[in-house]
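Under this note's numbering, the first residue of the sequence shown is numbered 2, with each subsequent residue one higher.
Hints were generated in silico from the structure; no laboratory data involved. Hints may contain errors.
As the list claims (entries may be wrong) - Here are the simulated distance ranges between beta carbons:
1. PHE69 - ASP37: 25 to 33 Å
2. VAL25 - GLY90: 29 to 37 Å
3. PRO100 - PRO63: 18 to 26 Å
4. ALA23 - GLY90: 19 to 27 Å
5. PRO74 - GLU41: 17 to 25 Å
6. SER72 - ASN49: 19 to 27 Å
7. GLY24 - THR92: 15 to 23 Å
8. ASP78 - ASP10: 18 to 26 Å
9. ARG98 - GLU66: 28 to 36 Å
10. ILE48 - ILE21: 28 to 36 Å
11. GLY40 - SER80: 17 to 25 Å
12. PRO100 - GLY67: 14 to 22 Å
13. ASP76 - GLU39: 15 to 23 Å
Each residue gets a CB set at the ideal place from its N, CA and C atoms; glycine is no exception.
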Amino acid sequence: MGAFSGTNDHTTSGNVGVAIIAGVGGDLAFQNFTTDAEGELNGYLTINGDLSKQTVDLGPLPAVEGSFNVSFPGDTDISLFDTVVVATGETGVGAARVP
């Protein structure tokens, strides 16, 4: 499991794990997630947490705290991405390494 840390002066915590389902895609499992950020939160798979490079848009998070799953598309090569970033607008509020 990767541990979330806050970015851009935000406090964010929790963990994330990955489950791959062959031919279908997979899920990122957020556990005990919490942040002080307000507004709609979106998830992104990134390379080194850089939102300006190639990303996979995971869409809005289904919750702003707690434990939940976020699916990623079946054609995503998860091995190309090493960090999940949570952002509000274009500002990252937390990041965790994808295990």
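That 28 to 36 Å hint for ARG98 and GLU66 (C-beta), does it hold up? 20 Å, violated
Status of the given 19 to 27 Å range, CB of GLY90 versus CB of ALA23: Cβ of ALA23 to Cβ of GLY90: about 35 Å, so the range 19 to 27 Å is violated.
Looking only at beta-carbon atoms, does the pair GLY24, THR92 fall within the given range of 15 to 23 Å? Cβ of GLY24 to Cβ of THR92: about 35 Å, so the range 15 to 23 Å is violated.
Could you say whether the range 15 to 23 Å given as a hint is met by the Cβ separation of ASP76 and GLU39? About 33 Å separates the Cβ atoms of ASP76 and GLU39, which means 15 to 23 Å is violated.
Using the beta carbons of SER72 and ASN49, state whether their distance is inside 19 to 27 Å or not. The hinted range 19 to 27 Å holds for SER72 and ASN49, with Cβ atoms some 23 Å apart.
Range first: 25 to 33 Å. Now tell me if the beta carbons of PHE69 and ASP37 are that far apart. 18 Å, violated
Against the range 17 to 25 Å, how does the distance between the Cβ atoms of GLY40 and SER80 compare: consistent or not? 31 Å, violated
Consistency of beta-carbon spacing, GLY90 to VAL25, with hint 29 to 37 Å: 30 Å, holds
I want to verify a distance hint. Is the separation of the beta carbons of ILE48 and ILE21 within 28 to 36 Å? 18 Å, violated
Does 18 to 26 Å hold as the CB distance between PRO100 and PRO63, or does it fail? Distance hint for PRO100, PRO63 holds at roughly 21 Å.
Are PRO100 and GLY67 spaced within 14 to 22 Å by their CB atoms? 20 Å, holds
PRO74 paired with GLU41, Cβ distance criterion 17 to 25 Å: With Cβ atoms ~20 Å apart, the hint holds.
Hints 1, 4, 7, 8, 9, 10, 11, 13 from the list above are not met by this structure, while the remaining hints are.
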